[in-house]
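So the sequence lines, in the order shown, correspond to chains A and B.
Once you know that position 173 of the first sequence is 173 in our numbering, the rest is easy, because the numbers rise by one and skip nothing.
Once you know that position 287 of the second sequence is 287 in our numbering, the rest is easy, because the numbers rise by one and skip nothing.
I should point out that these hints are in silico values taken from the structure, not numbers from a laboratory.
Where hints are given, some of them may not hold.
Simulated pairs of lysine-lysine, BS3-like, Cα-Cα distance not exceeding 27 Å [said to hold, decoys possible]: (1) A/K130 <-> B/K221; (2) A/K7 <-> B/K221; (3) A/K130 <-> B/K240; (4) A/K130 <-> A/K197; (5) B/K221 <-> A/K82; (6) B/K221 <-> A/K173; (7) A/K7 <-> A/K130; (8) A/K197 <-> B/K221; (9) A/K203 <-> B/K221.
Spelled out, the chains give:
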Amino acid sequence: MSLLQVKNLRVEFPTRRGTLVALDDVSFEIAPGEVLGVVGESGAGKSMTGAAIIGLLEPPGRIASGQVLLEGRRIDNLPYEKMRRIRGREIGAIFQDPLTTLNPLYTIGRQLVETITTHLPVGPGEAREKAIGWLELVGIPAARERIDSYPHEFSGGMRQRVVIALALCAEPKLIVADEPTTALDVSIQAQVIAMLKTLAREKGTAMMLVTHDMGVIAETADRVAVMYAGRISEIGPVRELVRHARHPYSQGLMGSIPPLDRRVERLTQIDGAMPRLSAIPRGCAFNPRCPKVFDRCLVERPELLDAGTTRASCWLYAEGGAA
Amino acid sequence: MFSFIVSRILQALPVMFVVSLISFAMFAYVGDPVAIMLGQDFTEAQRAALVRDLGLDEPFFVQFAKFIGNAVQGEFGLSYRLSRPVAELIAERAPATLELALCAAFISLCVGVPMGIYTGLFRHSWLSRFLLTFSLIGVSLPTFLIGILLILVFSVWLGWLPSFGRGDVVRIGWWSSGFLTVSGLKALILPAITLGLLQLTLIMRLVRSEMMEVLRTDYIKFARARGLPNRAIYFGHALKNTLVPVITIAGLQLGSIIAFAIVTETVFQWPGMGLLFIQSVGAADIPVMAAYLMMIAAVFVTINLVVDLLYYAVDPRLRVGRGRGH
């Protein structure tokens, strides 16, 4: 059974000028221990999906329809207090900027101990030992001495390691990592991702890895979902998607990664920009930028359709489509 | 830490000097104490003798130098009006003002901070709206009007509380306290509310806006994402981060509560330093006025020092010598 199932998730933002649909009909599953990469441009709804799963959508955003199931139980409609017990304990979260995600006035030890004792039946002394263990696991040197340091006494990369320790310390089954390395130096990014990947594998933790770095996805993820304008445009095994993307948008996205093994004169680029949420075109949201657009794309919005080894929301793969 | 305190005290010395110069200069040119002390009938010889006695015939800077020289030894001369040592007068009046100011500060913090937290957390509840409207009234009504209204309602109409004075006091050494008698405590209520109301509303609004600011930060979001209970998030993580600005303002407010008790003390005929000051202004009693201003300056300097020390206690980023970021 899947660990996490997201079914037809729709997130709306009521505004004065009408309702904005931030996520529309998003469905995917994550198996235990699996790493699902989520890619897309800024504003495509990647982070929003993560926030909806952990139940921390910024008001006035709300889940309008659809379901989120963790091990078969619905969690999208739980009261705050029940959902709180799931956050951290069953679904951990890592945010983008390690410089702002740690409380500057508490020692990292206190923040770790607080999290551990909230979720696990251990006393403060045992929690502290566990905290030191986690700091060692995420690669903080001299963890026993540094546990009583404050966040500002660590570098950015070290702080993100602390954040990862905090997200993992109650041993959740799923981690939602929202661009965990974007704010770090390039040289540190690879280390942190490698550490995260190793830890997730050792602990059997599944991961939803939101990023716009295709290199990270290719290296870390088992499957990948491409998002565009609040929908999933294609989802499938990472190898297939990187090499044989089916959706014209994913093809454009993959074409914009410079290949190292051969010379190319120009990288592919996708003309235009993603539409704003208030101005999503009729039919397929990608139709104004799509090189293969045809009549049906302008009027009807495609569902995820089988496209060989991946699933793509594109009419090219409908029976009796243009192909 | 010790060198920090010493350097702050050294910095405070020029401040105190300038305050004393300004206050002394100002009062040397306002009003004529001699005319007031002599009354209607006097001869020119009496006048000249008094001027010489008071040392007012000497040049301004000689007068000022004498004043400073004495002030350093805690000696502020004799009050022109009451012919008693100023230091003694102030020491006699200080307990009344300090007890009143402490009560007012206590009320404004103990009520203002929780109200600020509540209105920051539950922005749209009807109670928050009510408290905000109420705080607007507190900010905009002048202190004397609030005092008079309170007297009207609780003393005149209801007859529950005394409208003036300090009630019975108990002497403990040189300190006279109204805390230990029922009438003393009853007399304290109305003036303390009057004096504290403005600060209360300021602190409430400050805590509210800081709370709303902090609740939007990433570390609060991350604390939620770790499943910490709301109590820990609001009263631990969020509240502690609002403390630095709140301490700053609350400290300065305590200073101004002591300094601006003048209006409240006048309305309630509270026998404190503010009332002494107002009476001294009426009589151009320069030694008392100068000493009072010096004392208020000293209070502000001390409070600022304490506020700076509290920053260090609250915010680890300010503690020097421990930063090892690599």
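Kindly indicate which numbered hints from before are broken by the structure, ordering the numbers from low to high.
7
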